[in-house]
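Trainee: Sequence:
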Amino acid sequence: MEKIIYKIIINSLKLLSYLPFSILYVKAKFLFFIAFYVIRYRRKVVFENLRNSFPDKTDKEILLIAKKFYQNLADLIIEFLKIYSITKSDLEKRVHIKNIELLDELYAKDKNIMGIIGHCGNWEWGMIYLNMISKYKVLGAVKPLSNKYFEEYFHSLRTKFSPPDAIIHFKYMLRNLVKLKGTKTMCILAGDQTPTKNEINYWTTFLNQDTPVFLGTEKMSQALDYAVIFVDIQRIKRGYYEIEFHLIAENPKETKEFEITEQHVRFLEKLIKQHPDNWLWSHRRWKHKRESN
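Under the working numbering, think of the first position of the sequence shown as 1, with each following residue one higher.
Calculated directly from the structure, the hints in this document are not laboratory data. Be careful, since some hints might not be right.
Stated by the list, open to error - Simulated restraints on C-beta separations:
no., residue 1, residue 2, range
1, K60, F161, 38 to 46 Å
2, R284, K181, 34 to 42 Å
3, K60, I5, 37 to 45 Å
If you're wondering where the values come from, they're calculated on a predicted model, not measured in any experiment. We put the beta carbon where it would ideally sit given N, CA and C, even for glycine.
Let the sequences and hints guide you as you build the complete structure.
Mentor: In structure tokens:
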């Protein structure tokens, strides 16, 4: 019975994706209203995160950012579901890379790449588009959903224009990259995830708060000699995005300890300050508190 129920839900979502964007964005407005005003989805977390990150902003400014965030989140949900029916040509019209030449230069130098993203813009579309156009074998490291039915469906969306192995479990990322030795690879992973308490080995100040940060990206890039870039995905207008690459380290083994980590944190912080409504504020990024010595 459970399987049948989930099949009905997922098939309904597939049918929904065939609606034109104009109608889907009307539904996104309704979704925003439900999330913000009715069920008040994680409002306490969102407002607490915003107030702590921007202590100089007024309550009115915080409210405006929050509302824009919830609308963007609703749009993201609709756009993610749209992947099922979207065509390559339509996605190519909606996602643009500002400086693809950086990838071409690294490719010509036989450099593999570790790409760090934040939960900004539409990271799902960005990943799919990179898989479509890149000379590299592109891998996305994710944390699978606990629900096997939705995980299977989401995986199929994320690999719509790429092989099934383009999305890997983040825990097995190093193992997969070692297996791909000899293949020009670009691995994309989120740099704004929250470590578990046992995984915390480094703290920094991020958006005015003590913040634990994963060191895995820095350590893996140094161990495998992968160039490190920051992948900035910004919303240009509703349903349209631009990707810009920022080189952090071409030769990571030559960097100082924590240098790579600090640089990608600063890139993300700068982008969030420029476009605060584009980040995922509903994430409990600061659930761990730094213990005083």
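Trainee: Does each hint fit the structure? Answer for all of them.
Mentor: So, going through the hints one by one against the coordinates:
Roughly 43 Å separates the CB atoms of K60 and F161, a value that falls within the hinted 38 to 46 Å. The given range of 34 to 42 Å is respected by R284 and K181, whose C-beta atoms sit roughly 37 Å from each other. Checked against the hint of 37 to 45 Å, the C-beta distance between K60 and I5 comes to roughly 43 Å, which is consistent with it.
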